[in-house]
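In the order they appear, the protein sequences are chains A and B.
According to our numbering, the first sequence is numbered sequentially starting from 456.
According to our numbering, the second sequence is numbered sequentially starting from 456.
Just so you know, these hints were derived from the structure itself, not from any lab.
Backbone N, C-alpha and C define an ideal beta-carbon position, used for all residues, glycine too.
Wrong hints could be hidden among the right ones.
Residues from chain B shown here face chain A by an in silico Cβ test under 7 Å; the list is partial [what the hints assert, rightly or not]: (1) I482; (2) E486; (3) A518; (4) G604; (5) A610; (6) G611; (7) V613; (8) P650; (9) L666; (10) S784; (11) T792; (12) E793; (13) Y858.
2 protein chains.
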Amino acid sequence: MLEVKTPEEVLALIQKEFKPLGEAEQISYTEAPGRVLAEDITAEEYVPDFDRSMVDGYACRAADTFGCSEAIPAILNVAGEVLMGQAAAFTLPRDACAYVPTGGAIPRGADCAVMIEYTEDYGDGTVGILKPGSPGMNLIFRGDDVCPGKPILKAGRVLTAQDIGALAAIGKTQVPVVRKLKVGVISTGDELVPPEQTPGPGQVRDVNTPLLTAMLREFGAEILDFGIVADDEELLRETLRLAVRECDAVILSGGSSVGVKDAACRIIEEMGKLLLHGIAVKPGKPTILGKTGNKPLVGLPGHPVAACTVAKLFVLPLLERLMGREQESYTLPAELTESVGANHGREQINACRLRRENGRLLAMPIRSKAGLITQLAGADGYFIITRDCEGLPKGSEVQVYQY
Amino acid sequence: MLEVKTPEEVLALIQKEFKPLGEAEQISYTEAPGRVLAEDITAEEYVPDFDRSMVDGYACRAADTFGCSEAIPAILNVAGEVLMGQAAAFTLPRDACAYVPTGGAIPRGADCAVMIEYTEDYGDGTVGILKPGSPGMNLIFRGDDVCPGKPILKAGRVLTAQDIGALAAIGKTQVPVVRKLKVGVISTGDELVPPEQTPGPGQVRDVNTPLLTAMLREFGAEILDFGIVADDEELLRETLRLAVRECDAVILSGGSSVGVKDAACRIIEEMGKLLLHGIAVKPGKPTILGKTGNKPLVGLPGHPVAACTVAKLFVLPLLERLMGREQESYTLPAELTESVGANHGREQINACRLRRENGRLLAMPIRSKAGLITQLAGADGYFIITRDCEGLPKGSEVQVYQY
Chain A
456 MLEVKTPEEV LALIQKEFKP LGEAEQISYT EAPGRVLAED ITAEEYVPDF
506 DRSMVDGYAC RAADTFGCSE AIPAILNVAG EVLMGQAAAF TLPRDACAYV
556 PTGGAIPRGA DCAVMIEYTE DYGDGTVGIL KPGSPGMNLI FRGDDVCPGK
606 PILKAGRVLT AQDIGALAAI GKTQVPVVRK LKVGVISTGD ELVPPEQTPG
656 PGQVRDVNTP LLTAMLREFG AEILDFGIVA DDEELLRETL RLAVRECDAV
706 ILSGGSSVGV KDAACRIIEE MGKLLLHGIA VKPGKPTILG KTGNKPLVGL
756 PGHPVAACTV AKLFVLPLLE RLMGREQESY TLPAELTESV GANHGREQIN
806 ACRLRRENGR LLAMPIRSKA GLITQLAGAD GYFIITRDCE GLPKGSEVQV
856 YQY
Chain B
456 MLEVKTPEEV LALIQKEFKP LGEAEQISYT EAPGRVLAED ITAEEYVPDF
506 DRSMVDGYAC RAADTFGCSE AIPAILNVAG EVLMGQAAAF TLPRDACAYV
556 PTGGAIPRGA DCAVMIEYTE DYGDGTVGIL KPGSPGMNLI FRGDDVCPGK
606 PILKAGRVLT AQDIGALAAI GKTQVPVVRK LKVGVISTGD ELVPPEQTPG
656 PGQVRDVNTP LLTAMLREFG AEILDFGIVA DDEELLRETL RLAVRECDAV
706 ILSGGSSVGV KDAACRIIEE MGKLLLHGIA VKPGKPTILG KTGNKPLVGL
756 PGHPVAACTV AKLFVLPLLE RLMGREQESY TLPAELTESV GANHGREQIN
806 ACRLRRENGR LLAMPIRSKA GLITQLAGAD GYFIITRDCE GLPKGSEVQV
856 YQY
């Protein structure tokens with residue numbers, strides 16, 4: 456029998472036993488938000504690709520304006536006008552200027568742009584500059600933002616809308632992303648009926664399939680639903696075999712009876728290797744992890760709150776590992792509105808609601824005996840009470856992981 | 456000319472001038488994650504719908520076990536076994552017990568369940584109870600978690616995976632959600648080419664359409680892309696008219712030239728009412744907001760960093776208002792790794808990267824002169840420097856909004 460592991464040991468085990476799949480696909484950048492970048496992205500072009508003005512005004516040589524003032528303007532000949540979206544297809548002679556719009560190209564010879572507010576158009580083909588320029592003033596030079604070879608985004612990043620904007624700017628409209636994982640979801644239990652069905656006596660609705668499906672889809676996985684399997688070893692074996700063939704990872708939940716847990720362990724040992732039987736976390740202790748090749752087989756507890764907790768804490772990191780996804784998740788420091796007791800010896804995961812009040816963030820722990828709906832619906836996140844802690848008094852600071 | 460408004464004034468204006476659409480649709484709960492709940496959800500059933508055991512063991516009357524111990528067990532007749540998923544279709548006589556699995560139904564007459572660890576099967580149809588029970592011990596009673604009429608989820612909530620689990624548990628498989636908003640996106644500018652195209656001299660790629668599309672889709676809107684419109688008032692008028700007919704909101708970006716901004720204002724005034732011309736925020740000052748009926752028309756700055764900032768700060772709250780979406784977003788307190796200067800008189804929005812180091816969360820401000828890719832790609836969030844602040848020293852605590 457494998458011993459119960461601490462959460463840290465489980466996370467280390469995941470890193471040790473599983474490798475990133477390393478399978479990428481090219482997709483359009485418009486489909487890429489939320490996907491995991493498979494390769495580093497490096498610029499291949501200059502952005503901008505020409506010297507641009509940052510203001511509406513006149514491009515000129517700064518030296519031609521030195522010493523000017525409102526009292527004694529520098530008088531420059533208007534040598535032309537640059538139109539938006541067009542090249543500045545002329546070279547500026549000395550003592551001349553050219554009108555440029557914001558974002559417009561700068562003619563050769565010009566080294567600054569003077570805002571229109573500091574100029575006066577005399578209407579005779581000359582303009583007075585009322586404030587001296589300096590070289591580079593109000594200009595963005597070619598490549599100021601990006602030069603070929605500049606690293607833009609790192610492999611492993613989950614692409615945001617801003618990243619998509621950056622990819623658009625450098626013309627990277629096909630993006631290498633990690634292919635979506637196919638995750639098989641199986642619920643076991645003689646007592647389960649699909650949520651659409653009204654439970655008969657002794658029956659309850661299958662909560663884990665829709666819950667895990669929603670969570671893993673949001674994470675970016677493709678879900679294959681293998682339905683509800685009765686507590687029958689042969690049926691479970693067949694379903695697991697089928698799921699492993701079609702999926703990159705298989706998540707089994709339920710099997711609250713000892714017999715089914717044992718059966719799942721036996722089947723995993725037949726198919727590959729059992730890595731873990733039990734995590735020192737509450738809720739979530741009766742968790743199994745095994746593998747066949749590089750494919751994880753996870754047995755989650757049957758209770759939805761426990762299944763959800765283990766999925767968040769260990770299944771998502773496991774899928775991250777397979778995908779080479781590198782995304783930190785940050786916690787929110789919040790103040791406990793009530794004291795919370797804890798079981799000595801196991802890390803305790805406590806769901807909570809969040810509320811802001813007078814600039815402070817408050818965490819309201821959710822408790823209940825049965826704890827199914829009450830702990831799931833409306834929760835904003837959870838905090839962890841470490842194994843060596845017997846409880847937290849009201850007013851303690853907790854670190855909240857958001858759902 | 457309308458005066459420049461502070462960010463707070465703009466948010467108040469949005470609340471005042473726009474009303475929630477109040478249009479709902481029924482969808483399957485499996486499609487509901489990320490959608491906005493249109494009505495409060497109340498339970499219509501009991502969860503669980505029968506008294507259940509929380510342990511594997513023997514259901515019995517606590518009174519029959521009072522005073523027992525390992526030395527003097529209470530000897531009970533085994534009156535039956537409850538199977539998982541089946542009714543406990545018998546009543547327990549006195550001095551009797553029945554085997555129940557975790558989650559199994561409790562027979563009538565039993566008022567507690569004793570864990571199997573505290574029992575001894577004598578193999579003769581009797582079981583010894585080694586530890587006294589107490590009424591209610593290890594049981595979940597019918598409706599302990601949810602009773603009919605219990606409020607489960609509030610209208611306006613963005614549904615999470617956990618919420619989907621709760622909906623499954625109460626059999627709410629059709630869910631009333633706010634219908635998706637149709638948002639029209641228009642980019643203007645003679646200098647813009649689609650990202651797929653290599654820009655010619657004086658041209659740049661259109662970054663705002665893909666950036667805003669990704670951001671608004673992630674938010675849950677349906678995007679209608681009206682493409683790139685040249686700086687031409689008549690063309691802009693036609694496109695805006697078309698977009699307003701088909702959409703719930705129209706987001707125009709670009710028009711960096713004064714002429715186009717003026718044209719956009721004129722068109723908005725023809726079509727409805729101009730509400731705002733300029734926000735005291737950096738970047739993002741040249742922002743326009745108008746409406747026709749309850750449909751917002753937004754003119755964002757052309758610079759992608761500014762467009763992105765204004766979209767985050769004001770367009771998303773505007774769409775939230777239309778949807779009746781009520782979702783708090785929480786900030787992460789982080790420590791500035793470098794000092795940041797600020798322009799007196801305008802709220803400054805500063806992009807940053809986040810890094811955890813020795814348990815502290817660090818915010819690394821992103822700066823650059825041109826600030827397009829550099830400020831977009833790889834940023835993790837942004838912080839705000841208030842209008843009355845001239846800068847923040849290294850080591851200051853900032854509140855980071857995550858992208």
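Verification of the hints:
1. The interface hint given for B:I482 is violated, since its Cβ lies 13 Å from the closest Cβ of chain A, which is over the 7 Å cut-off.
2. Taking 7 Å as the C-beta cut-off, the interface hint given for B:E486 is violated, the closest approach to chain A being about 10 Å.
3. Taken as an interface hint, B:A518 does not check out: its beta carbon lies about 22 Å from the nearest beta carbon of chain A, beyond 7 Å.
4. Look at B:G604: its Cβ only gets to about 13 Å from chain A, farther than 7 Å, so that hint breaks.
5. Using the Cβ-Cβ criterion of 7 Å, the hint placing B:A610 at the interface with chain A is not satisfied: the shortest such distance is roughly 12 Å.
6. The beta carbon of B:G611 comes no nearer than 12 Å to any beta carbon in chain A, farther than 7 Å, and the hint placing it at the interface is violated.
7. Here the hint on B:V613 is broken, as its CB sits about 10 Å from the closest CB of chain A, past 7 Å.
8. Annotation: B:P650 was flagged as interfacial toward chain A, and the flag holds, the nearest CB pair being 4 Å apart, inside 7 Å.
9. Hint status for B:L666: holds, given a least beta-carbon distance of 3 Å to chain A, under 7 Å.
10. Because the closest C-beta pair between B:S784 and chain A is about 10 Å apart, greater than 7 Å, the hint is violated.
11. A cut of 7 Å between beta carbons decides the hint on B:T792: the least distance to chain A is about 16 Å, and the hint is violated.
12. The closest approach between the C-beta of B:E793 and any C-beta of chain A is roughly 20 Å, which is over the 7 Å cut-off, so the hint fails.
13. Interface restraint check: B:Y858 against chain A, minimum CB-CB distance 5 Å, threshold 7 Å, status holds.
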